[in-house]
Amino acid sequence: MNNPASAYFLTFTVVDWVDVFTRKVYKDIIIDCFKYCRNFKGLQVWAYVIMSNHIHCILSTKNNNLPDILRDFKRHTASHILKAIQAPSESRRDWMMKRFEFAARSNVRNTSHQFWMHDNHPEELLTTKFTVQKLDYIHLNPVRAGWVDKAEDWIYSSARNYMYQPALMEIDVMDINF
Numbered sequence: 073m074n075n076p077a078s079a080y081f082l083t084f085t086v087v088d089w090v091d092v093f094t095r096k097v098y099k100d101i102i103i104d105c106f107k108y109c110r111n112f113k114g115l116q117v118w119a120y121v122i123m124s125n126h127i128h129c130i131l132s133t134k135n136n137n138l139p140d141i142l143r144d145f146k147r148h149t150a151s152h153i154l155k156a157i158q159a160p161s162e163s164r165r166d167w168m169m170k171r172f173e174f175a176a177r178s179n180v181r182n183t184s185h186q187f188w189m190h191d192n193h194p195e196e197l198l199t200t201k202f203t204v205q206k207l208d209y210i211h212l213n214p215v216r217a218g219w220v221d222k223a224e225d226w227i228y229s230s231a232r233n234y235m236y237q238p239a240l241m242e243i244d245v246m247d248i249n250f
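Each position in the sequence shown, counted from 1, maps to that position plus 72 in our numbering.
Just so you know, these hints were derived from the structure itself, not from any lab. Worth double-checking, as some hints may not be accurate.
Claimed, not checked - List time: in silico DSS-like cross-link candidates among lysine-lysine, alpha-carbon distance up to 30 Å:
1) Lys113 with Lys96
2) Lys201 with Lys107
3) Lys134 with Lys201
4) Lys170 with Lys96
5) Lys170 with Lys222
6) Lys201 with Lys155
7) Lys170 with Lys99
8) Lys155 with Lys96
9) Lys170 with Lys146
10) Lys96 with Lys107
11) Lys222 with Lys99
12) Lys113 with Lys134
13) Lys155 with Lys113
14) Lys107 with Lys222
15) Lys134 with Lys170
16) Lys96 with Lys222
17) Lys146 with Lys134
18) Lys170 with Lys201
19) Lys201 with Lys113
20) Lys146 with Lys201
21) Lys170 with Lys155
22) Lys113 with Lys146
23) Lys96 with Lys146
24) Lys99 with Lys113
25) Lys146 with Lys107
All of these numbers come straight from a predicted model, not from anything done at the bench.
Work the whole structure out from these sequences, hints included.
This is the structure we're talking about:
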């Protein structure tokens, strides 16, 4: 990231595109961590969507420390999700943990399991047109996947915030005319 003061479109992807976020418990870990980082670390969440195996978001920070917050966010969520996967009720536990263990073997930064791919594909938001394009892309992801008919029907998305509907978390709504 060349400009830590800017807002960025980011994608967090689970290794091997494992569909972890098909269960509420794992999505809620993401929401809780976003809330914590907003309240205590200065993270600004402008938009997000949680899909089955990745998250798209637009983020910035009040303290120009986005790389540090992203590192901590990914470390914290990976740790808590990997722990939650160990629950006896998780029918995919063995298969998923083997995927994460295998991914860690090819990367010296990991000890035993790798949950997230390392690259976040950051794209700095430099124009209003590009920002609106990314907001639409984020919010229409569940529609394109065929999960909902309207973007605001997907509860794990900031589309509800932009439509002034009850949402899972407060975000930093962009003042952009659509």
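Okay, the hints, checked on the actual structure:
1. Lys113 with Lys96: holds (25 Å)
2. Lys201 with Lys107: holds (28 Å)
3. Lys134 with Lys201: The hint holds at about 23 Å.
4. Lys170 with Lys96: Holds: Lys170 and Lys96 sit about 22 Å apart, inside 30 Å.
5. Lys170 with Lys222: With a Cα-Cα distance of about 36 Å, the restraint between Lys170 and Lys222 is violated, given a limit of 30 Å.
6. Lys201 with Lys155: violated (41 Å)
7. Lys170 with Lys99: holds (21 Å)
8. Lys155 with Lys96: With Cα atoms ~15 Å apart, Lys155 and Lys96 stay inside 30 Å; holds.
9. Lys170 with Lys146: Holds - the C-alpha atoms of Lys146 and Lys170 are around 19 Å apart, at most 30 Å.
10. Lys96 with Lys107: holds (16 Å)
11. Lys222 with Lys99: Between Lys222 and Lys99 the Cα gap is close to 20 Å, so the pair holds against 30 Å.
12. Lys113 with Lys134: holds (9 Å)
13. Lys155 with Lys113: OK: Lys155 and Lys113 at ~23 Å, within 30 Å.
14. Lys107 with Lys222: holds (25 Å)
15. Lys134 with Lys170: At roughly 38 Å apart (the allowed maximum being 30 Å), Lys170 and Lys134 break the hint.
16. Lys96 with Lys222: At roughly 20 Å apart (the allowed maximum being 30 Å), Lys222 and Lys96 satisfy the hint.
17. Lys146 with Lys134: holds (19 Å)
18. Lys170 with Lys201: Violated, because 42 Å separates the two Cα atoms, which is more than 30 Å.
19. Lys201 with Lys113: holds (29 Å)
20. Lys146 with Lys201: OK: Lys146 and Lys201 at ~29 Å, within 30 Å.
21. Lys170 with Lys155: Holds - the C-alpha atoms of Lys155 and Lys170 are around 14 Å apart, at most 30 Å.
22. Lys113 with Lys146: holds (14 Å)
23. Lys96 with Lys146: holds (18 Å)
24. Lys99 with Lys113: holds (20 Å)
25. Lys146 with Lys107: Answer holds: Lys146 to Lys107 is near 14 Å, not above 30 Å.
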